[in-house]
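Participant: Sequence:
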Amino acid sequence: MEYLNTSATQSSELVMNKSSYIQIILGLLLLFPLLLLLRWQSSNGGEAGKEPPLMAETVPYISNSLLCLSNMGAFLDKVRETLETRKSGIAKVYLGFRPVYIVAGAQNVQRLFGSPEVLDGDFIHFILMNAQWGLTQAEMARFRKDKSGRHKKPLPGTEQTPDDQRYWRNHNLLYANFLSEASHSDALAAQFTTRFAERLDGQPVGVWTTVRLLDFLKAHMAECAIATLFGTRLLELNPELVKRYWEYDAVAGRLILGFPHWMQPRAVRVKARLHAMVLRHIDAAWDSFDWAGPDADAAWEPHFGSRLSRESARWLREQGFSDHVAAGHTLATLFGLNGNTVPITAWAMMELIRDPALLRAVRDELRQSGACAPDSDTRSGPTPLIASRVVGLPLLQSLYVEAMRLHVSFSVTREVRKGPVELVPGYRGAETGALVQAVSDMAHLDEAVWGVDGHPASEFWAWRHVKFVDDEPEEQEEDDSERNSPVRTRKMQFAMRGRPSSFFPYGGGYWVCPGRHFAKMEIMLALALMVTKFDFEFVEWTNLDGTKSDRPARDDRNYAGIIAMVPDRDMTFQWKRIC
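The numbering used here applies: residue 55 is where the sequence shown begins, and numbers increase by one.
No lab work stands behind these hints: they were computed from the structure. Where is the CB? At the ideal position from N, CA and C, for every residue including glycine. Each hint should be verified, as a subset may be incorrect.
[To be verified] Derived lysine-lysine pairs resembling DSSO-like cross-links, with alpha carbons at most 30 Å apart:
(1) K201 - K630
(2) K297 - K602
(3) K602 - K545
(4) K545 - K297
(5) K521 - K297
(6) K104 - K132
(7) K587 - K602
(8) K574 - K545
(9) K199 - K574
(10) K141 - K472
(11) K574 - K206
(12) K472 - K206
(13) K602 - K521
(14) K297 - K587
(15) K104 - K141
(16) K587 - K207
(17) K545 - K587
(18) K587 - K630
(19) K574 - K587
[As the list claims (entries may be wrong)] Pair ranges (Cβ atoms, derived):
(20) W300 - F151: 34 to 42 Å
(21) M550 - N612: 23 to 31 Å
(22) K104 - S376: 25 to 33 Å
(23) E105 - K521: 22 to 30 Å
(24) K602 - T190: 44 to 52 Å
(25) K141 - D589: 46 to 54 Å
(26) D341 - E171: 38 to 46 Å
(27) R414 - G256: 43 to 51 Å
(28) W300 - R414: 30 to 38 Å
(29) L598 - K206: 17 to 25 Å
(30) T601 - T190: 18 to 26 Å
(31) M550 - K207: 25 to 33 Å
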């Protein structure tokens with residue numbers, strides 16, 4: 055994390071020799087008594103109220119910090135253990151010398167989602183921007199200076215901020231206007247559906263073939279999504295881009311967490327290689343695109359791709375940010391997009407393939423809903439799907455939510471602007487400058503919120519968010535002798551069990567991921583296409599290199615705290631195209 059390290063520039067220049075390590079170790083030994091004194095003082099001062107339970111560590115200020123940086127999954131497990139052992143809705147940990155409060159429980163999390171005037175979410179975005187965008191200190195300073203917030207009305211005290219210097223607000227508007235807005239999201243959904251359907255239609259009709267699920271989705275679903283958002287020219291210029299992206303995906307978490315560059319030279323090289331590919335595309339798009347031509351307002355064109363990509367590049371350049379930053383912005387979007395959609399689609403398909411009854415139920419729901427356009431010849435071309443109907447299907451939505459609930463690990467982080475702030479009643483308030491976090495791992499497994507008789511919160515159950523209600527009765531036609539009673543039927547409705555303070559895979563409060571609507575559409579459309587086009591037979595679990603595995607897939611905890619957790623095993627199956 056940023057507060058544990060020097061700047062990225064300083065880290066990349068740091069060279070350590072043996073004597074430096076010895077000096078550090080000796081220094082830590084000499085500092086140990088002082089650290090204990092500081093810990094005692096920090097735990098016995100401040101506002102009235104109980105001190106939140108402190109997470110144990112061997113070396114104060116150091117052990118938990120190193121665990122957080124080196125193994126986020128184990129760190130979050132330790133946080134959960136502390137909360138459960140102490141039976142508390144809050145725990146305190148020091149990362150470096152900075153206090154971090156981790157809250158659990160729906161009411162406590164809701165406080166975290168409060169006003170940005172008190173709990174500021176920009177902190178985590180500075181970390182992401184530093185790790186992925188590649189801004190200079192001068193460029194970063196523009197965002198740091200902007201305290202006006204993301205809403206139309208500036209925060210109190212910032213009303214005089216010029217509109218063109220409201221960087222947070224204007225950046226948010228790019229996503230609101232060109233991704234969340236219905237006409238643009240529908241256009242992107244149609245683009246993705248057509249591209250992915252064409253890939254699936256490359257499989258022969260009526261012939262069983264063997265496929266590795268995660269391997270297939272990483273190659274084909276990811277490429278279709280990249281072409282949809284950023285145009286085909288990006289892939290033409292960089293034939294290995296998808297392969298290089300997944301190399302970056304595997305190391306991005308360590309870069310985001312702030313490891314010094316000298317500790318992870320390979321990760322730095324992987325990122326630099328992908329960034330160079332994207333920068334080549336940005337340069338080519340600017341050279342080739344006609345801003346005065348007919349595609350200037352197009353929903354999609356091959357150079358920049360989507361309107362979001364095009365307008366983002368234009369806004370960054372107009373604001374004086376370099377094309378190096380524009381390429382980093384694209385890189386960050388690639389990670390946010392594929393890093394969630396592909397793993398979640400894989401998890402959902404794994405459940406469908408190994409549960410034939412669930413597969414039939416989802417397929418029946420799709421066919422009976424009218425989500426597949428009735429006038430299409432599915433054997434001669436892509437299967438048109440009506441995106442608005444697909445994303446509204448109760449069982450498919452429930453399947454999507456269950457996969458997100460169980461396999462996304464995300465930490466919502468805020469910085470206390472005006473302390474002390476009461477986070478949990480009865481406990482001492484968090485001081486100015488402290489960090490506050492809510493971790494989806496804990497909220498998404500809360501038995502009181504998600505548990506159902508026979509289906510604990512820790513278990514996948516596709517029907518968890520579905521309820522059956524009486525449909526409106528239909529009058530039958532009269533026959534010659536009598537009029538029959540109205541016929542009552544039962545229909546499914548989507549019914550989310552948890553509230554936003556218990557389900558936040560995309561963030562929560564005043565800031566949530568602006569690409570969440572498109573991500574949901576992409577996942578559900580990909581599932582719908584595969585389910586309607588193929589029959590499936592499970593074969594075996596394999597390791598990621600294709601060798602046979604002795605167990606099913608589990609979450610890869612290397613992704614914990616940041617994004618959807620990729621399956622650590624693949625599924626080999628057979629499929630036969632039926633339409």
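Participant: Any hints this thing doesn't respect? Which numbers, in order?
Facilitator: Of the numbered hints given earlier, those the structure breaks are 1, 3, 4, 5, 9, 13, 16, 22, 23, 27, 29, 30, listed in rising order.
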